[in-house]
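Using the sequences and the hints given, assemble the complete structure.
One-letter residues, chain by chain:
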Amino acid sequence: MSDDKKLAIIATKGTLDWAYPPFILASTAAALGYESQIFFTFYGLQLLKKKPDLKVTSLGNPGMPMPVPMPVLAQALPGMQGMMTAMMKQKMKSKGVASIEDLRSLCLEAEVKMVACQMTVDLFDMSREDFIDGVSYGGAATFFEFAGESDICLFI
Amino acid sequence: MAEFDQELDASGLNCPLPILRAKKTLASMSSGQVLHIIATDPGSVKDFEAFAKQTGNELLDHKEEGGKFLFRMRKA
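Chain order of the listed sequences is A and B.
The numbering of the first sequence is UniProt numbering, which starts it at 1 and goes up by one.
The numbering of the second sequence is UniProt numbering, which starts it at 1 and goes up by one.
Treat the hints with care, since some could be wrong.
[To be verified] Within a straight-line C-alpha distance of at most 20 Å, the following computed PhoX-like cross-link-like pairs (lysine-lysine) qualify:
1) 5/A with 53/B
2) 68/B with 95/A
3) 46/B with 95/A
4) 13/A with 89/A
5) 53/B with 63/B
6) 53/B with 6/A
7) 55/A with 93/A
8) 24/B with 113/A
9) 55/A with 89/A
10) 49/A with 113/A
11) 89/A with 50/A
12) 63/B with 75/B
13) 13/A with 51/A
14) 24/B with 75/B
15) 113/A with 5/A
Hints are computed from structural coordinates only; laboratory data are not their basis.
The model shown is predicted, which means the values in this text are computed figures rather than measured ones.
Next up, the structure:
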């Protein structure tokens, strides 16, 4: 067993904004010499799709900065989610924030281990072919095998 | 201050990219060599200090010049 520090993350969210913390933290930890593992479960599985189609929504999220104040009902109109996602992506690009695909590649390059929760893969009728290469599959016990030895453990 | 072996321009990149690029560049260098890093992310000042502390690579100096943050780091 190596004496490197270890970071264990559970990624449960499948939106564009919440896709960032797991990949930013795991890639940075790897750069700092940590051995890192991310366990993807429920909506977090979206982050492992070959072509992730991640969106952002202001619904139920009053903390999201809006370019113009907008009533909640208007935020629910068709097309709003797509528009907000496009605006967020544009903003990220202009600020030099990496894309999720890029950050994920950097994680894989740095040997961050990615584990998909088999139970939720089955629950959502997803197929292993939907996911990128290099993912392994397991359950709660698999998570604890690594997390039990970890120095930092995060639920995102 | 002009002494370095390799240069990394991380201008325009935001967290955590400057750190990840620096790590990658350092990996291709030999021990004792000096990397000059140019960044525009104000957060990188604190981040490179933390990176140096945790990886053992020595942060020789850093300064701000015309909105850019310049670092020299010696590979451990």
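Do the hints match the structure? See the list:
{"no.": "1", "hint": "5/A with 53/B", "result": "holds, 14 Å"}
{"no.": "2", "hint": "68/B with 95/A", "result": "holds, 15 Å"}
{"no.": "3", "hint": "46/B with 95/A", "result": "holds, 19 Å"}
{"no.": "4", "hint": "13/A with 89/A", "result": "holds, 18 Å"}
{"no.": "5", "hint": "53/B with 63/B", "result": "holds, 18 Å"}
{"no.": "6", "hint": "53/B with 6/A", "result": "holds, 17 Å"}
{"no.": "7", "hint": "55/A with 93/A", "result": "holds, 15 Å"}
{"no.": "8", "hint": "24/B with 113/A", "result": "holds, 18 Å"}
{"no.": "9", "hint": "55/A with 89/A", "result": "holds, 9 Å"}
{"no.": "10", "hint": "49/A with 113/A", "result": "holds, 15 Å"}
{"no.": "11", "hint": "89/A with 50/A", "result": "holds, 18 Å"}
{"no.": "12", "hint": "63/B with 75/B", "result": "holds, 19 Å"}
{"no.": "13", "hint": "13/A with 51/A", "result": "holds, 16 Å"}
{"no.": "14", "hint": "24/B with 75/B", "result": "holds, 12 Å"}
{"no.": "15", "hint": "113/A with 5/A", "result": "holds, 14 Å"}
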